[in-house]
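Student: Sequences listed follow chains A and B, in order. With this note's numbering applied, the first sequence corresponds to residues 301 to 458, in that order. With this note's numbering applied, the second sequence corresponds to residues 262 to 742, in that order.
Be aware that a few hints might be false.
[As the list claims (entries may be wrong)] Computed spacing ranges between beta-carbons, pair by pair:
no. : chain 1 : residue 1 : chain 2 : residue 2 : range
1   : B       : 389       : A       : 406       : 29 to 35 Å
2   : B       : 291       : A       : 419       : 52 to 58 Å
3   : A       : 406       : B       : 563       : 23 to 29 Å
4   : A       : 419       : B       : 609       : 57 to 63 Å
5   : A       : 390       : B       : 550       : 15 to 21 Å
6   : B       : 352       : A       : 390       : 48 to 54 Å
7   : B       : 547       : A       : 391       : 52 to 58 Å
8   : A       : 391       : B       : 386       : 49 to 55 Å
Calculated directly from the structure, the hints in this document are not laboratory data. For clarity, every value in this text was computed on a predicted model and none was experimentally measured. Every residue gets a Cβ at the ideal spot worked out from N, C-alpha and C, and that includes glycine.
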Amino acid sequence: MRLPTPAPTSPEHHHAFSRQLHYFPLFLLLYVRGPAVHGVRTLSRLAFVRWVTRDASMISCRAPLRTLLMWQNMAETVSPAVAAARSRKETVLSRRQIEGMIAEGRHIFIFENRVIKADAWMKFHPGGEKAIQHMVGRDATDEINAYAFPSMTCSPDS
Amino acid sequence: MLSFQIGRIEGRWINFLPPIQGGRFRPYNKDEDCSEDFSDDSSQESSRPASPIFDEADENSSVRRRKSTSTTISSVPSTPPTGEKFEPRPFFLDARTQEEIILDISKYPPLDAARQESIRQKYRALDDRIRAEGLYNCNYFSYFIECCRYTLFASLSYYFLRLGWYGTSAFFLGCFWHQLVFTAHDAGHMGITHDFHVDTVIGIIIADFLGGLSLGWWKRNHNVHHIVTNSAEHDPDIQHMPFFAISHRFLTNLFSTYYERVMKFDAVAQVMLKYQDYLYYPILLFGRFNLYRLSWEYLLLGQAPKKGPAWWHRWLELVGQVFFWTWFGYAVLYCSIPDWRNRVLFVLVSHMVTAPLHVQITLSHFAMSTADLGVHESFPQRMLRTTMDVDCPTWLDFFHGGLQFQAIHHLYPRIPRHNLRRTQKLVMEFCRETGIPYAIFTFVDGNKEVISRLGDVAKQVRMLEECRKACAQQGVFSGHH
């Protein structure tokens, strides 16, 4: 079984991908009832584990996060679009540009000199949307380090 | 979260006032020369603490103008962010707001960028030191002792219930709940195992299954509270209209961004607030009933996250509610207690015994500043300016359950509660170095402070009433209210 290689740099892709994973409990069936061929069982078990951690994959356990990052790296070697998205992250934005984006209704804050656009993430935030809204346009480094959980802020590059 | 990164910034970031707090943002068109503009307003801004670009952006009503001028000292945010109407209000209230801001500015380190940045750096360095000293590591033995205490209270309650001493049984049940909440608080902050899911499940078992409250409601509320502590229009923990107002700003129909409604200063509020210093303790006796209301509102109206890592918490919490009302409502109240008189007594006693908890929750913020010094104030300074600690002997730590180190907890929320006393020494050192006053009172003095603050606002309510009466008699502004 080949797992699809998503481009996890864009949040929309993230969620589309996790929606696909909803069908994966079928693999549990395959694991329990399926033929006792070693490869099938291993793969279905793996698929099930990924299904269980599907929403959490972004933040809660480090293992799926690492898998995701592995895919990201793989995708990057394959797809130039992903590489472009990577380099987009390094674009230096001016304060005025960011002000303009916020004026358009984006939820943007700063974390350790990175510009984070949290629109797609807001409704997933376990701490509620209000907490993010209060940080829009601000440097949220200290607040995030104090409250959000560590795996959320560990860098994909490290 | 880092996958949502869209770029980088260079140099020091100058905060904007967030839209939810009334900030105005100008659209950006690609033709404008951004580099020049940027250097322009950044130099202007570093000289003044507030964000003057907003002043230029709005040129509509005179109300706006008046507000903008006050933002030059600090951002006193607008009342309702949308659909603002001109509403006349006594001048002395605005003067009072200014006075409090000036007082705070004189007591606390200046808001200039360099000073605040150095506070931030020291705060981060202290975090590293705390980590290095192992203060983030949870002492599980301390929690074992806590558990023994909980078991003791629960079994005493059960024993007396069997004996038919309903009042005594209710008293111990109240003690049990009072103590449990502290561990739920730690769990909500991921202060026990530091694992999101494990701690949340511990928290839900305690809060929902054993206490009948909602951990999710508490988290939603508490996160906002921690970020905008003691801000009259944003912090739900100080928004208790029509029962209490700890700032004169509540006397002007303030818009709550948390509840998304206007907190009306109506006839009921006028009467209650006039006597709030006397009603403080009696009302807190019923605090737990209010928590039920808020919890159900949260769970039933679907305010909980439906997606993301926390999607299933809501369902677990609902199961918890059913579980709670089965053991408490059905097994204890209905089956074990024979008559209605005793049932009512049992409910009242068990809920009222938890009143000290509500005193403890409100104590550490009610007596502190509610002035908003704007977005340029660093996180640690804001926390220490709006929070106080309670001085208590070590053996009484269990009674306060970590809430006695509220200021330290606000700085470093994930430190497990049994390590807070050791962290206090480091934080005191930090305060001495940065020149931020560290507020600490004994429990009794803290209570006196709160009562005097409530009395102070009550006095202003009376003054406002006098003004209105006088105005009505003389027909000066007969039009309003």
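Student: Okay, which hints does this one fail, numbers in order?
Tutor: Of the numbered hints, 2, 4, 5 and 8 do not hold.
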